[in-house]
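*Asks:* Construct the complete structure from the given sequences, taking the supplied hints into account.
Numbering-wise (the working numbering), the sequence shown opens with residue 24 and increments by one.
Incorrect hints may have been included.
[Claimed, not checked] In the DSBU-like style, the derived pairs of lysine-lysine whose C-alpha atoms are separated by at most 35 Å in a straight line are:
(1) K192 to K363
(2) K369 to K201
(3) K331 to K357
(4) K221 to K331
(5) K331 to K67
(6) K201 to K335
(7) K221 to K245
(8) K221 to K327
These are computed hints drawn from the structure, not numbers from a lab.
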Amino acid sequence: MVSISRRGFLASAAAAAAISPWSRVMGANSDIRVAIIGANGIGKTHLMNFQKIPGVRVVGLCDVDSTVLGTRAAEFEKAFGGSIKKYEDLRHVFDDPGVDVVVLAVPNHWHALGTIWACQAGKDVLVEKPCSYNIWEAQQMIKAADKYERIVQVGIQRRSLGYLQEWFKELQGGALGKIQSVRGLFYSRRQPIGTVDKPVAPPATVNIDLWSGPASTEILRKQFHYDWHWFWETGNGELGNNGPHILDLCRTAIGSNEFPSSVWSVGGRFGWQDDNGQTPNTHIINYGFKEAPVVLEIRNLPAKAGTKDNNKYRDLSVGIVVDCEGGSYVGFDKGTVYDKDGKVIKKIEGDVGGDGGRQVHRENFVKALRSRKTSDLNCSVPQGHLSSSLCHMGNISHRLGEQVVLGEAIEKIQSNPIFGDAGNRLAEHLKLNDLSTDSLKIDLGAALAFDPEKQVFPESKAANELLTRNYRKPFVVPENV
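*Replies:* Now the structure itself:
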């Protein structure tokens, strides 16, 4: 059993991999032994679906909440028979020679360190989105995957929907003429998280030291699980939660394989009595891609106060709208192509597969595990980094912004037509939610230049400081992986 410092594992991992069974090539007749780390939410879907892939056995389950761990293990054993090994500490999973692959369905602040430790231990990894908690961490994950020759897939599963990817190639090839703009939409109602006036104790069943890992152990929320998304210490807001899926579609639609040269955001947290929540529930972000302008819109409030309706733009709540010289594409998992007059040209659709497209993404991961070719992955760490770190860029702009009156913020962004239009509609959205927009303050984010090659903000020291974080020892993402 390895201690909390992993006993100098950094120095010995490469040598150990050369002689250990971790480095074995998985042949067509070899079972791939998988352990799921994080048993809530998406972790449960991984637990119950990896086992269905021929030649794959789920042999272990890890969670820091003993109640969740016991419940999920019992569900798995009831569904598939036999028994599953249970762990509290993910490091014990990494140390287990009976595990080939780990699936990290843990909070965002654990994604990078969990992936790096797994690579050092000779494990292959599927890590959920966003692939990292910040931009620097993703760079370290790429280095670790390369150094230890690990297969690492990021859970942005629409990259495995072949019919959709083929359509994007047609779009880039001029199927509708020149691409003029892309709007990404995530309009999904949420509820306030409540307010606490002092830090609260974790559930008695949770090992808070292990749960917190690199982050502070302080808890300022009523609901322990899931609501960590809305705190900067552990989460990345709705932008980091669902933004990777939408922004990946935006980026794929325009055929971009590098970062944009600028980012600018407007947003805030409105309409909820939950003073502890930190991240925006209403947010628009403009990205300066060379191929075409991209704007992402996030709304967690209803379409109108007193209703349960989701917002819609061109009859879409979640997905992308690509406007081109000769028409438009509107869709998410599936979509519709229109000509300039709004007439339907064709439908883009195919077999999404089980679990909302995740199963075909898992199968793609297993294919790469057997071939040992990262080129077989539909969403390698570099690809996941590009889409996930767009979220981090938007949040950095937001966090470095200033509060101004809503009308002033909207006026300032009118210099960018697509961004300005999104701002006008955002103001109307807030008005429909009975907010006094004449005096309402909103965070006008910092307009930041970005160097796509160096992955830094060349004109902002404050922004560069947010490329990484302060780590709670000993849970520190290493400089040298």
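*Asks:* If a hint holds in the structure, say so; if it does not, say that too.
*Replies:* Against the structure, the hints:
1. K192 to K363: Within the cut-off at roughly 20 Å; holds.
2. K369 to K201: holds, 18 Å
3. K331 to K357: holds, 24 Å
4. K221 to K331: Given pair K221, K331 holds - Cα atoms ~31 Å apart, limit 35 Å.
5. K331 to K67: The given pair, whose Cα atoms are some 28 Å apart, holds under the 35 Å limit.
6. K201 to K335: Roughly 25 Å between the alpha carbons, so the hint for K201 and K335 holds.
7. K221 to K245: Status holds; Cα separation ~11 Å.
8. K221 to K327: The given pair, whose Cα atoms are some 33 Å apart, holds under the 35 Å limit.
Violated hints: none; the structure is consistent with every hint.
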